[in-house]
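For this one, chain L is given, so just place chain V on it according to the hints.
There are 2 protein chains.
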Amino acid sequence: MKLYSYFRSSAAYRVRIVLSLKGLEVDYRYIHMLKDGGQQHAADYHAVNPMKLVPALEIEGGILTQSLAICEYLDETHPDPALLPGSAADRAYVRAIAAAIACEIHPLNNLRVLAYLSSELGLDKPTRDVWYRHWIAEGLTGVEALVARSGKAGDYCFGDTPTLADAFLVPQLANARRFACDLAAYPTLTAIEQRAILSPAFAAAAPEAQGDVEH
Amino acid sequence: MKLYSYFRSSAAYRVRIVLSLKGLEVDYRYIHMLKDGGQQHAADYHAVNPMKLVPALEIEGGILTQSLAICEYLDETHPDPALLPGSAADRAYVRAIAAAIACEIHPLNNLRVLAYLSSELGLDKPTRDVWYRHWIAEGLTGVEALVARSGKAGDYCFGDTPTLADAFLVPQLANARRFACDLAAYPTLTAIEQRAILSPAFAAAAPEAQGDVEH
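First to last, the sequence lines map onto chains L and V. Start counting the first sequence at 56; every next residue gets the next number (the numbering used here). Start counting the second sequence at 56; every next residue gets the next number (the numbering used here).
The following block holds chain L by itself, in its conformation from the complex:
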């Protein structure tokens, strides 16, 4: 398998965590989202992912897009360790956390949106930072409450082993830290994150461990 990735993309980071948790080795093709006007906009990358986003996962016979879909695929085709719980209701809880991050937080703060705020709306960096932190706070407040009220969390969002929820949570919190968001109001989430990043599987997937990292 070949993963189209960018070290700083939190959506690619999610997939890297899942690959890492499952002990899967893949080839990497790095798509630099800032160089050359954004390599995700190149015509040859459109053939890979017409959404012009990373990640994309090349498998035998096709290319998969969207981190949620890719992670579900990897969990179905490489079921050990399972990253979704056994009961349908518990799976819905785990998927809801992943989706809350993937659908309500990250889309508002990714590169293309920040670029639009700057180039089309003419917003300066302080105003863009307010926007960024607003959606982080809105979203994480909700996710913190979802996890805290569930009674399902342990060392991780569900019990004491990682699930898809953690694979989405850790990259989102990394983004929030990069933008200096105040995370004091999310003690459950940050406690899970701080445990997770100590594990070798999460560490190997981190931006700073990638072949295309820039410091």
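Be a bit skeptical, because a hint or two may be false.
Simulated DEER-style distance windows between Cβ atoms [unchecked claim]: (1) Arg188(L) to His101(V): 13 to 23 Å; (2) Pro181(V) to Lys180(L): 24 to 34 Å; (3) Ala239(L) to Asp135(V): 27 to 37 Å; (4) Pro136(V) to Gln249(L): 27 to 37 Å; (5) Ala203(V) to Glu113(L): 15 to 25 Å; (6) Asp179(L) to Ser174(V): 36 to 46 Å; (7) Glu113(L) to Gly209(V): 19 to 29 Å; (8) Ala235(V) to Asp179(L): 46 to 56 Å; (9) Asp82(L) to Gly92(V): 33 to 43 Å; (10) Leu79(V) to Pro255(L): 21 to 31 Å; (11) Ser174(V) to Glu80(L): 41 to 51 Å; (12) Glu80(L) to Asp215(V): 15 to 25 Å; (13) Ala240(L) to Asp215(V): 27 to 37 Å; (14) Glu80(L) to Gln249(V): 41 to 51 Å.
Keep in mind the hints are simulated off the structure, nothing from the lab. Every value quoted in this text rests on a predicted model; they were computed, and no experiment measured them. Quick reminder that beta carbons are idealized off the backbone N, C-alpha and C, glycines included.
Relative to the frame of chain L, chain V by itself:
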């Protein structure tokens, strides 16, 4: 089961389509997202969904949030008719379409974002409409290409029967039409949509068929 819904919410519309395709009856609790400063902001609704969004689905023993997670739950617990294909790669294709809509298009154009553009950034309606149509065009261009290149589409996004992909596509195109977006560049998607909305299951889930509809 009880569905917290708003007739105009395209995320609730997705869940209504899935319920309808599976022939499931639920009780409705309508959350008017514009009245009373937005009923999704009321404290009693926070107890239902801390994300302050619809839909939410109350089941025995809990409340499920996030349309993607709810639709997967309904498909797992009521497998007939199946709304995901049989092979992992095909399921990834269907989920990618649903996720592309749920993660890349709708989050940028929903009520709370349009409200922020207006109240916090002071943008007028024409500028907000440009924003709206920009993300519709970006997203649908990608989804059209994903579906067209797949070789998997028939009457619906995957083959000749509805899947989760169609349950996400139809509400998104309804939104786009409401904002007068030009859809000429998406012939595959609109052909699927126009077939789907003729079917009784999709028609019953449409905004105009809801108990809380306003004209």
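Checklist line | Which numbered hints fail | finding: Of the numbered hints, 3, 4, 6, 8, 9, 10, 12 and 13 do not hold.
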